[in-house]
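K.L.:
When you get a sec, could you build the whole thing from the sequences and use the hints?
Protein chains: 2
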Amino acid sequence: MAISNIRYGEGVTKEIGMDLQNLGARRVCVMTDKNLSKLPPVNAVLNSLAKYGINFQIYDNVRVEPTDQSFLDAIRFAKKGEFDAYVAVGGGSVIDTCKAANLYAASPTSEFLDYVNAPIGKGKPVTVPLKPLIAVPTTSGTGSETTGVAIFDFKELKVKTGIASRAIKPTLGIIDPLHTLSMPERIVANSGFDVLCHALESYTALPYNMRSPCPSNPINRPAYQGSNPVSDVWALHALRIVAKYLKRAIRNPEDREARANMHLASAFAGIGFGNAGVHLCHGMSYPISGLVKTYKPKDYNVDHSLVPHGLSVVLTSPAVFAFTAQIHPERHLEAAEILGADIRTARIKDAGFILADTLRKFLFDLNVDDGLAAIGYSKADIPALVKGTLPQERVTKLSPRPQTEEDLSALFEASMKLY
Amino acid sequence: MAISNIRYGEGVTKEIGMDLQNLGARRVCVMTDKNLSKLPPVNAVLNSLAKYGINFQIYDNVRVEPTDQSFLDAIRFAKKGEFDAYVAVGGGSVIDTCKAANLYAASPTSEFLDYVNAPIGKGKPVTVPLKPLIAVPTTSGTGSETTGVAIFDFKELKVKTGIASRAIKPTLGIIDPLHTLSMPERIVANSGFDVLCHALESYTALPYNMRSPCPSNPINRPAYQGSNPVSDVWALHALRIVAKYLKRAIRNPEDREARANMHLASAFAGIGFGNAGVHLCHGMSYPISGLVKTYKPKDYNVDHSLVPHGLSVVLTSPAVFAFTAQIHPERHLEAAEILGADIRTARIKDAGFILADTLRKFLFDLNVDDGLAAIGYSKADIPALVKGTLPQERVTKLSPRPQTEEDLSALFEASMKLY
Ligand SMILES: NC(=O)c1ccc[n+]([C@@H]2O[C@H](COP(=O)([O-])OP(=O)(O)OC[C@H]3O[C@@H](n4cnc5c(N)ncnc54)[C@H](O)[C@@H]3O)[C@@H](O)[C@H]2O)c1
Ligand SMILES: NC(=O)c1ccc[n+]([C@@H]2O[C@H](COP(=O)([O-])OP(=O)(O)OC[C@H]3O[C@@H](n4cnc5c(N)ncnc54)[C@H](O)[C@@H]3O)[C@@H](O)[C@H]2O)c1
Ligand SMILES: [Fe+2]
Ligand SMILES: [Fe+2]
Chain L
-19 MAISNIRYGE GVTKEIGMDL QNLGARRVCV MTDKNLSKLP PVNAVLNSLA KYGINFQIYD
41 NVRVEPTDQS FLDAIRFAKK GEFDAYVAVG GGSVIDTCKA ANLYAASPTS EFLDYVNAPI
101 GKGKPVTVPL KPLIAVPTTS GTGSETTGVA IFDFKELKVK TGIASRAIKP TLGIIDPLHT
161 LSMPERIVAN SGFDVLCHAL ESYTALPYNM RSPCPSNPIN RPAYQGSNPV SDVWALHALR
221 IVAKYLKRAI RNPEDREARA NMHLASAFAG IGFGNAGVHL CHGMSYPISG LVKTYKPKDY
281 NVDHSLVPHG LSVVLTSPAV FAFTAQIHPE RHLEAAEILG ADIRTARIKD AGFILADTLR
341 KFLFDLNVDD GLAAIGYSKA DIPALVKGTL PQERVTKLSP RPQTEEDLSA LFEASMKLY
Chain U
-19 MAISNIRYGE GVTKEIGMDL QNLGARRVCV MTDKNLSKLP PVNAVLNSLA KYGINFQIYD
41 NVRVEPTDQS FLDAIRFAKK GEFDAYVAVG GGSVIDTCKA ANLYAASPTS EFLDYVNAPI
101 GKGKPVTVPL KPLIAVPTTS GTGSETTGVA IFDFKELKVK TGIASRAIKP TLGIIDPLHT
161 LSMPERIVAN SGFDVLCHAL ESYTALPYNM RSPCPSNPIN RPAYQGSNPV SDVWALHALR
221 IVAKYLKRAI RNPEDREARA NMHLASAFAG IGFGNAGVHL CHGMSYPISG LVKTYKPKDY
281 NVDHSLVPHG LSVVLTSPAV FAFTAQIHPE RHLEAAEILG ADIRTARIKD AGFILADTLR
341 KFLFDLNVDD GLAAIGYSKA DIPALVKGTL PQERVTKLSP RPQTEEDLSA LFEASMKLY
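If you read the protein sequences in the order shown, they are chains L and U.
So the first sequence is numbered by the working numbering: it starts at -19 and just counts up by one.
So the second sequence is numbered by the working numbering: it starts at -19 and just counts up by one.
Honestly, the hints are just simulated from the structure, not real lab data.
Small disclaimer: the values here were computed from a predicted structure and weren't measured.
Some clues are possibly wrong.
No copy labels: a pair is met if it fits in one copy or bridges any two.
Result set (DSBU-like, lysine-lysine): computed pairs, CA atoms no more than 30 Å apart in a straight line [unchecked claim]:
1) Lys329 to Lys224
2) Lys227 to Lys397
3) Lys278 to Lys135
4) Lys273 to Lys102
5) Lys60 to Lys18
6) Lys397 to Lys329
7) Lys224 to Lys102
8) Lys227 to Lys367
9) Lys224 to Lys397
P.N.:
See the structure below:
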């Protein structure tokens, strides 16, 4: 399991100009999105760059829920700018876009598909050296500041996929809880659900010693290695924080303790799933996002329809964990208990139902849309949703329980309505 | 904070030849000690090197509890060998010696004192590139496979000190629980006490946001940053494993589950204290080891007198935590509870006594020598012990409660007899 460098504390962003000086950076690319470019987190970064006399250009054209086209736009900007360092200030959309821009600018002769995950892309290993990238997360969700993953929506195929390589992991993540204070309610909620699913999926993922085939050379180990004693520590710890603080963070923007804890939990869960992997909620979420029709979520200041990533993963979670519990029922029951279920008289064979019920109650309390139907899907869409899940093998094969197409169909169907 | 690269699993050592191939290594230095050179862990490494045709030389002259002289001997070997990679197979003594050999071979014009911690040495930052070092721990104690620290006994001054730099952190730690099976009882016990103290000290260390002065540039942050939300996770997790498994691991060499868990706990506590730091038990242990008279511990197959590191830290632990509890009583009480104390009716102001009692009972149950008197010290030695602690500022200043020379005297005196 590998390395993440993080720095935590209220206000630590003000040191970023010094960090860039220490890196010897002379032409810095600051990436963000249009909404954030007017908000305090970007301000804090720019103030520090100004204070330390760092020369920079801003790219604020990141698309919320990026696509291949929006990645390519950022890549063009990066190639032209000949930057020697990158700063990404934003949620997963910004950090992921910046990772891709850094990668392709460093590898100018590569085709876009070269590094995209197989089977959609060629999944080539990255052998070129990248420039330093400092990630400053402003949501409490993806943990992208700690992972070697960049996700985008492949418009042509109407499916999300990504790039996964240790090489694109940020050099440093600056976890400054002050940046969470400007997040509106639904962004706290949806990005928090992402943390919840990262923790639950990595904790229940196929154990590292049960993956097969075992790669013959350690260099060929996938980034996602299955659940293991190290990722378990991160996953459980993040889950405990989610249980204690997510509702508070959503309901009260002034609750700094809750928001700060969720900001850390996002990084912790990122370190966990960045090593162990995620499975069905994430695998099934990619077509749920990719096939979006007209859904426009509250609090997202954007002009296109989208299903926020955290919402797209959490809506199937009750069905998914009811399905996977057959394999590690104790872990599912333990998760339910952490999330508040009373398991004193629970039977181990009911672990899946108990966790599913606990999740449903959790979502209901937080006014989450009532299932896939509420965000615009119907039974008729299930074949397309299943078809979009099949190429997500990289994650779905980490499900502790193998799935047929019929199983996937049934999981989507069971997720149409939750309450 | 940085998290280390580790690989965990029974038998994973057999891949080490491939790892070295992947690193392109053509001249490998294998370091170990005379006792281990005949035991299964070294065998497993050599078999893998042979299988993958790796060219290597063995240095088995590592001193258990290394000194400046023994470091210098290993450094001479490394300089002569012009190696392009290192493998350390052993306990902290071997891994630390190998770190020093790698460092000084990469920096041939440096004086030995250049990199030694101030005020004893010059504490210069390391700017030369080192060769890859793979650490294969065979004790469950130091966590040296995850830290940037190398400790030795400075004979002239009769005091232990060390080298601390992220640059000497191993490239990879191979945590293979099979290597723990050959450890005799007292080595399991003493190295386990080291894990216990790493966890307790890093959990109770001065919080990261209370250190002063705050370095003006992040590049000047010390390796030991004080307790923080990330190191807390590792410290508590390691402490829980120690509570559950240390006694079992000591008493029953066949208890693979217990020994495997302690092997992981050692790395976990290493990640924790490697970022947060340790404080008084460690600061006071350096003169306890350095001033050793004639004590020869059971199970240590060596011909010089020595106080094993884990024993030297744990003997003062009851006195130390009774002293520090004034500052974070809740954390001390929480630690006592994890170690088995019933705290339902405990008063917070008794936290220190409760933790001290719990530790005394723990040590008594494990037949640990009855205090500093039992290993050859008397009241007359206290001034020398205090004098040897004063230069250990790098760690003692991380104590949550500041100490005068009188305080240190009283702590040594209280540690003369435990039961
Ligand atoms: N790389 C990974 O490891 C990883 C993991 C999970 C998800 N993802 C990807 O990350 C993306 C989702 O990222 P996200 O959930 O962080 O949200 P996001 O980056 O898509 O941002 C969502 C919205 O929140 C706004 N926003 C962000 N921070 C704000 C703040 N502090 N104050 C006010 N508004 C703020 C943004 O402007 C945007 O409108 C998806 O594309 C998803 O697939 C990546
Ligand atoms: N670098 C760090 O972060 C760090 C932290 C704490 C302590 N230390 C240092 O590490 C040293 C102590 O290391 P240690 O406690 O690991 O012990 P050690 O390396 O001194 O070994 C102790 C004895 O155990 C034997 N041994 C080791 N593994 C064995 C096995 N599997 N089977 C049989 N015998 C085995 C050795 O041959 C030796 O005789 C001290 O010098 C201490 O100061 C370093
Ligand atoms: Fe996610
Ligand atoms: Fe130690």
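K.L.:
Give me the numbers of the hints this structure contradicts, sorted from smallest to largest.
P.N.:
Of the numbered hints, 7, 8 do not hold.
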